[in-house]
Amino acid sequence: MTAAIQLAVGRRETVVRQDRAGTALWFLLGPCLAYLAAFAIYPLLYSLRLSFTDLTAADGTGRWVGLQNYRDLIVDPLFWNAAMNSAIMVFGAVAIQVVLGTALAMFFNLRLHGSAIVRGILVLPMLITPIVVGVMWRALLNPDWGLINWAIGALGFDPPNWLGSIRMAMKTLILVDVWQWTPFVFIIVFARLQALPQDVMEAAQIDGAGAISTFRHITLPLLMPAIAFAAVFRAVDAFRSFDLIYGLSYGGPARSTTTLSFFSFQNGFEFQNYGYAAAVAYMMLVILMVGTTLLLRHVQLRSAHAQ
Amino acid sequence: MKRVAGRALAYLVLILLGVVGIAPFLYLLVLSGKRRIEILSQVPPTLSFDWRTISKTYGEVLYSQGMLAFTTNSVIVVGLATGIALIIGTPAAYAFSRLPFRGKANLANTILSMRFMPPIAVAIPLFLMMKWIGLRDSYPGLILPYVAFSLPAVVWIMIGFFDEVPREIDDAALVDGCTHGGVLWRVMLPLVRPGLVTAALFSAIFIWNEFLVALYVIDSRGLQTISLGAATLVSAQRPIDWNIAAAVGVVTVVPMLIFSLLVQRYIVRGLTSGAVR
Chain A
1402 MTAAIQLAVG
1412 RRETVVRQDR
1422 AGTALWFLLG
1432 PCLAYLAAFA
1442 IYPLLYSLRL
1452 SFTDLTAADG
1462 TGRWVGLQNY
1472 RDLIVDPLFW
1482 NAAMNSAIMV
1492 FGAVAIQVVL
1502 GTALAMFFNL
1512 RLHGSAIVRG
1522 ILVLPMLITP
1532 IVVGVMWRAL
1542 LNPDWGLINW
1552 AIGALGFDPP
1562 NWLGSIRMAM
1572 KTLILVDVWQ
1582 WTPFVFIIVF
1592 ARLQALPQDV
1602 MEAAQIDGAG
1612 AISTFRHITL
1622 PLLMPAIAFA
1632 AVFRAVDAFR
1642 SFDLIYGLSY
1652 GGPARSTTTL
1662 SFFSFQNGFE
1672 FQNYGYAAAV
1682 AYMMLVILMV
1692 GTTLLLRHVQ
1702 LRSAHAQ
Chain B
83 MKRVAGRALA
93 YLVLILLGVV
103 GIAPFLYLLV
113 LSGKRRIEIL
123 SQVPPTLSFD
133 WRTISKTYGE
143 VLYSQGMLAF
153 TTNSVIVVGL
163 ATGIALIIGT
173 PAAYAFSRLP
183 FRGKANLANT
193 ILSMRFMPPI
203 AVAIPLFLMM
213 KWIGLRDSYP
223 GLILPYVAFS
233 LPAVVWIMIG
243 FFDEVPREID
253 DAALVDGCTH
263 GGVLWRVMLP
273 LVRPGLVTAA
283 LFSAIFIWNE
293 FLVALYVIDS
303 RGLQTISLGA
313 ATLVSAQRPI
323 DWNIAAAVGV
333 VTVVPMLIFS
343 LLVQRYIVRG
353 LTSGAVR
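Sequence lines, in order, name chains A and B. Each residue of the first sequence is one higher than the one before, counting from 1402 in this note's numbering. Each residue of the second sequence is one higher than the one before, counting from 83 in this note's numbering.
These aren't lab readings, by the way, just hints derived from the structure by calculation. Careful: at least some of the hints might be erroneous.
To be verified - Distance windows between CB atoms, simulated:
(1) V86/B / I1607/A: 21 to 31 Å
(2) Q1599/A / Y221/B: 46 to 56 Å
(3) V1687/A / S302/B: 29 to 39 Å
(4) V345/B / G1692/A: 29 to 39 Å
(5) Q1595/A / V86/B: 24 to 34 Å
(6) Q1599/A / S137/B: 49 to 59 Å
(7) A1610/A / G263/B: 50 to 60 Å
(8) V86/B / L1501/A: 19 to 29 Å
(9) P276/B / W1427/A: 22 to 32 Å
(10) L129/B / L1445/A: 43 to 53 Å
(11) I1607/A / L271/B: 43 to 53 Å
(12) R1568/A / L273/B: 54 to 64 Å
(13) I158/B / W1427/A: 56 to 66 Å
(14) Y1471/A / I158/B: 35 to 45 Å
From the three backbone atoms N, C-alpha and C, an ideal C-beta is built for every residue, glycine too.
All chains should be built: construct the whole structure from the sequences, respecting the hints.
Structural data, given as structure tokens:
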């Protein structure tokens, strides 16, 4: 009897609590969802609609043209040039950053005196305005008076034409991105490295494994989730990157640094061809969705966080 | 002996890393203190400065070129947008962390994936929307989109911090008759204060640096934000006065660097939750 009462009371309490949770849910979650629906989802759908019109700044009406923008896009050599540049930038930058960032994490694991200060310095490039990063590096790489060209000359070498030549400009863009964002990979891999159990590595060394084989067969596999996590973020951000290009090279010379982001921007802002710009942006979104879906099948995004 | 040499080499590498990290900032700072002609003729620049040159350059940048006004605009926009994003995002993160409901995982992933959205994909529609509601060329015209840009990161960061608070704490408060709102406000918020700082920091950095949407939405020079102002002053399209450009760069990054130094210990935590940008 008492047991039955207790059971009944217990059941009532769960019902009340679930009910309370139901209304609470609306109050807690509602504003955020409504806001994102209005200012993130709606613009995205609006953009999709724009990509089916010929809307320009001059002609504000915008006729429905169906798939015309996408058909133009497929045969536009400038679009393929931009797609190629995006691919080179993403793969080039991320590959270098992953290798250097992991190497940095191993290096900082030596725990030298003063390494905390240097780590603090290496965080700074990530925080500053990409436009200013561009200007900063234009100064450093200036062919007439830039510090880097002076240093290369003083060492007796011939400095390359960093931003002036078609062959060099994309490499320079990648170089600057590497300077700014390698620390991101480093910080994430380093955080993971510090959380690893030390005894595994010690046991391997006692068993006679050398430093290199300990790294290859034990440390690296354990670091892999963090490296993959950092690489996904870097790949997406390099793909979206726009401000840095605006500040560093403005897509030039001869479109050699015009990525998809910059190509969409030029069509939208300079040529004011909103429909076409939206179509380019939507191609980017499709690539992003396919790419991240494939990547996320292998990478657990919250894993690096759960330390 | 070999060990000592290895140690010395390691320290050399460490110093080199520090130099590579900081030299570009220092170079910009040095250039901003030189006259235009000195930048072209002194290679590398010396470390002797003339106070009058410095005050003239910075005076021009801050007042004639309007960087001081741009900074004020940015502080207003960053403050309001970050505040609103925290007010809307924190309760949502609490709900994701604590309340059971159907489709939770999918909804959370959808919100988090918005962090990957290229701004270029929404800049034009946001601009047309703002024009349509009559908020083009105004603070709210920037604040409304910026809140949406910050929200996914705020929710993302805050879920992580709420998850770290033991459930027993809010269960106890709920049994005592507290509502979920009450638990969040009185019990949880004080416990996740570091999370609020981290979320605010990354939201602020992102908005401070954003300029694409501002480029579309803002027309009047008087309403330009700092990164938009800097972008128009130092655009890669046209030749520039390098002493002015360097000073513009310094003025743009120094406030954020100071702010970041004040809350330094939150940066790494924020980065490891993938919050940056």
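Hint check for L271/B and I1607/A - Cβ pair distance inside 43 to 53 Å: Holds: the Cβ-Cβ distance is about 49 Å, inside 43 to 53 Å.
Cβ distance range 22 to 32 Å for P276/B and W1427/A, holds or violated: holds, 28 Å
Status of the given 50 to 60 Å range, CB of G263/B versus CB of A1610/A: For G263/B against A1610/A, whose Cβ atoms are near 56 Å apart, the range 50 to 60 Å holds.
Cβ distance range 19 to 29 Å for V86/B and L1501/A, holds or violated: holds, 27 Å
Satisfaction of the hinted span 49 to 59 Å by the C-beta atoms belonging to Q1599/A and S137/B: holds, 55 Å
Cβ separation of Y1471/A and I158/B, checked against the hinted range 35 to 45 Å: holds, 41 Å
Range agreement (Cβ of Y221/B with Cβ of Q1599/A, hint 46 to 56 Å): Holds, at about 52 Å.
Range agreement (Cβ of V86/B with Cβ of Q1595/A, hint 24 to 34 Å): holds, 27 Å
S302/B and V1687/A - C-beta distance against the hinted 29 to 39 Å: holds, 36 Å
Distance restraint evaluation - I158/B, W1427/A, Cβ atoms, bounds 56 to 66 Å: violated, 32 Å
Distance restraint evaluation - L129/B, L1445/A, Cβ atoms, bounds 43 to 53 Å: For L1445/A against L129/B, whose Cβ atoms are near 51 Å apart, the range 43 to 53 Å holds.
Supplied distance hint 21 to 31 Å, evaluated on CB atoms of V86/B and I1607/A: Since the Cβ atoms of V86/B and I1607/A sit about 25 Å apart, the hinted range of 21 to 31 Å holds.
The structure is inconsistent with hint 13 alone, although it conforms to all the rest.
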